[in-house]
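Q: Residue strings, one per chain:
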Amino acid sequence: MSGQETPAPDQRPIPAVPGADGGPRRDSLTRDTPTRGPARPLPYVIAGILLAAAIVLPLLPQLYSFDAPRLGGMPFFYWYQLLWVPISAILSGFSYWLVTTEDRRRRREARAANVGLEGGDRL
Amino acid sequence: MNTRSIDWVALIIVILLFVIVAVMGFMAARWRRSTEVEGLHTLDEWGLGGRGFGTWITWFLLGGDLYTAYTFVAVPAAMWATGAVSGFFAVPYTVVLYPIIFIIMSRLWSVSHRHGYVTAADFVGGRYGSRWLSLAVAVTGIVATMPYIALQLVGIKAVLTVLGLGSSQNAFLTDLPLIIAFVVLAAYTYTSGLRAPAMIAVVKDLLIYLAVIVAVIYLPIKFGGWDAIFGAAQTKMSAISPATGKAAGVFIPSPGNYSAYWTLALGSAMALFMYPHSVTGVLASKGRNTIRRNAAVLPLYSLMLGFLALLGFVAIKAGTKPIDLDGSVNPQLVVPQLFIDHFPSWFAGIALAAIAIGALVPAAIMSIAAANMFTRNIYRDFFRPDVNPRTEANVSKIVSLLVKVGALVFVIAMDQSTAINMQLLGGIWILQTFPAVVAGLYTRWFDRWALLIGWAVGIVFGTVSAYNVVNPATHAHFGGSVANVPGTNVSVYIAISAFVLNLLVAVVLTLVFRAFKLPQGADMTRPSDYGADETDPRVAQIEERLHGFVEPGGPSPVP
Numbered sequence: 001m002s003g004q005e006t007p008a009p010d011q012r013p014i015p016a017v018p019g020a021d022g023g024p025r026r027d028s029l030t031r032d033t034p035t036r037g038p039a040r041p042l043p044y045v046i047a048g049i050l051l052a053a054a055i056v057l058p059l060l061p062q063l064y065s066f067d068a069p070r071l072g073g074m075p076f077f078y079w080y081q082l083l084w085v086p087i088s089a090i091l092s093g094f095s096y097w098l099v100t101t102e103d104r105r106r107r108r109e110a111r112a113a114n115v116g117l118e119g120g121d122r123l
Numbered sequence: 001m002n003t004r005s006i007d008w009v010a011l012i013i014v015i016l017l018f019v020i021v022a023v024m025g026f027m028a029a030r031w032r033r034s035t036e037v038e039g040l041h042t043l044d045e046w047g048l049g050g051r052g053f054g055t056w057i058t059w060f061l062l063g064g065d066l067y068t069a070y071t072f073v074a075v076p077a078a079m080w081a082t083g084a085v086s087g088f089f090a091v092p093y094t095v096v097l098y099p100i101i102f103i104i105m106s107r108l109w110s111v112s113h114r115h116g117y118v119t120a121a122d123f124v125g126g127r128y129g130s131r132w133l134s135l136a137v138a139v140t141g142i143v144a145t146m147p148y149i150a151l152q153l154v155g156i157k158a159v160l161t162v163l164g165l166g167s168s169q170n171a172f173l174t175d176l177p178l179i180i181a182f183v184v185l186a187a188y189t190y191t192s193g194l195r196a197p198a199m200i201a202v203v204k205d206l207l208i209y210l211a212v213i214v215a216v217i218y219l220p221i222k223f224g225g226w227d228a229i230f231g232a233a234q235t236k237m238s239a240i241s242p243a244t245g246k247a248a249g250v251f252i253p254s255p256g257n258y259s260a261y262w263t264l265a266l267g268s269a270m271a272l273f274m275y276p277h278s279v280t281g282v283l284a285s286k287g288r289n290t291i292r293r294n295a296a297v298l299p300l301y302s303l304m305l306g307f308l309a310l311l312g313f314v315a316i317k318a319g320t321k322p323i324d325l326d327g328s329v330n331p332q333l334v335v336p337q338l339f340i341d342h343f344p345s346w347f348a349g350i351a352l353a354a355i356a357i358g359a360l361v362p363a364a365i366m367s368i369a370a371a372n373m374f375t376r377n378i379y380r381d382f383f384r385p386d387v388n389p390r391t392e393a394n395v396s397k398i399v400s401l402l403v404k405v406g407a408l409v410f411v412i413a414m415d416q417s418t419a420i421n422m423q424l425l426g427g428i429w430i431l432q433t434f435p436a437v438v439a440g441l442y443t444r445w446f447d448r449w450a451l452l453i454g455w456a457v458g459i460v461f462g463t464v465s466a467y468n469v470v471n472p473a474t475h476a477h478f479g480g481s482v483a484n485v486p487g488t489n490v491s492v493y494i495a496i497s498a499f500v501l502n503l504l505v506a507v508v509l510t511l512v513f514r515a516f517k518l519p520q521g522a523d524m525t526r527p528s529d530y531g532a533d534e535t536d537p538r539v540a541q542i543e544e545r546l547h548g549f550v551e552p553g554g555p556s557p558v559p
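Going line by line, the protein sequences match chains A and B.
Counted from 1, the first sequence has number 96 at position 96 by my numbering; the numbering is strictly sequential.
Counted from 1, the second sequence has number 205 at position 205 by my numbering; the numbering is strictly sequential.
Quick caveat, the hints were computed from the structure, so don't treat them as lab data.
For clarity, every value in this text was computed on a predicted model and none was experimentally measured.
Misleading hints may appear alongside valid ones.
[Unchecked claim] Derived contacts from chain A toward chain B, CB cut-off under 7 Å, selection only: (1) P34; (2) S65; (3) T100; (4) E102.
Where is the CB? At the ideal position from N, CA and C, for every residue including glycine.
Sequences are here, hints too, so could you generate the full structure?
A: Okay, here's the thing in structure tokens:
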């Protein structure tokens, strides 16, 4: 809870100042060194569609501005919109999984390419 | 005159919880402090809580930050008074909010982590190399935040009124508890920075959940189920108002209301994370993905808000009479009154304390955020470019006090409706910074001057349109936030029409300025910055590695 989780191997920090701990000094890590490798579009496209649905569908009153059917006495207009809260959470959660999985892969790729810069034992 | 007797049990519980929270606020200065930093002497430490809040703390912090006391008071009040369009839109608003922040906020986190940005205006300045554009974003943020803080005081005031404190004769005595509460708040914000509201938010949120869950289960049983409650609401909303000759409110929106309904929800959702206090909450988190994880768990608060909104309808069925000290009907007293009428005093005390504490958390974060904007984007960029981190923190602490005093004066000296009008305008204004901030996260295509002119056009158009909305009953200006799109009879949220105009101007002028080859400002960011996570080194660290020095106070966003 207080941020003490051990980072996954691909998320271990790049040493802040290489050379400070006696390792070889590496000057080739610059601001333009990519932090992530190239993206595969598919996970982003799927996540984009899910998130777009979660934005557009609750904003179309044409679809839900009715009294019937009622649920436990609550008109459709009200319970439908409340129902969108958990649906949106699930869509965001699934998108999170898609995007972070791909993100981790890209980061691993970028760090593997940087192994030469960083002394080699990172993966 | 309306005389209220003081409910002592409820009052003592409110005071007790307030004292507990104040003690926590002061103790928070020592919480999670990094060992090498002695004291809270940088903006990162004081203003962003050390940039280290994990998923859970961020959840409580953002929940406490975004779902403010005013929300708890105003949303059910709107439901009680005018029904679905002005009240229940809060539900789709907070539903579509999270997919939007899922998409944009992790990029803002990454670039801010790399460059040590503390505010959205820092980012805009660094991205476009324009301190004027950065100033526009900062001033908009500060001006929009001030009335928002003032409205938190309105929330506390509603609670105090219902508790029986205050009289219509002596204005100073009425405001005294409010002043005491704010002085204490100002003191622990000064000493503990963002850590204080982060810690208090946990207590506040748990109390609010408790109060809402109990109310939503118990009250419908007491009043004959949701069927009877919605029946009463439908009767009230379809009654014809003698003042306007129209229905009193909206039970279920008809096609004529659709555009107002969805633009209110969308515009509010887009505007919320342009407010400085939301950005502060995001940048205080530990990692790039913390905010995304929160996009999936924060909707729990929206569910709570939805049921809280329905308490406005419950109050219709219950026949709640929200009578203010001067004898007039004040819808904002509906929810506090509902609790004190239908629950034992001790439980009403807990619920009212939750609302009052719910005002302190956002007020603290908002004042910190506004102070950070002043320090970084006005004081540093325009007066002291070589300011060191310690001075930055000191300036911010003092400005946070001034901001709170300003809000207090706002509420005490001016009519309450001034604060509400200003807050309405604030929502319209803050959305005009969206093109500069959000487009900047994805592209440098826009010209900085085109964005600045678009911003100005949006602000002017929005202000004039809002002024021209006249309340049909009282004939006062700033009668609402919805107006027809000029030349049509489609009514939309003014912030959205101003935003579209703003964007059009920015696009057209960018094309024109490109054609004239106007010089572009330097872009301090790199593509690699937008995907960086917490394990990637900061720019200052890379620079130190390459050149062996770091600029004092971190690199200025503007060369």
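Q: Does each hint fit the structure? Answer for all of them.
A: Outcome of the hint check:
1. Checking P34(A) against chain B: minimum C-beta separation of about 5 Å stays under 7 Å; hint holds.
2. With 7 Å as the threshold, the beta carbon of S65(A) comes within range of chain B, its nearest partner Cβ sitting at about 5 Å, so the hint holds.
3. A cut of 7 Å between beta carbons decides the hint on T100(A): the least distance to chain B is about 6 Å, and the hint holds.
4. Interface restraint check for E102(A): the shortest CB-CB distance to chain B comes to about 11 Å, outside 7 Å, so the restraint is violated.
Violated hints amount to a single one, hint 4; each of the other numbered hints is respected by the structure.
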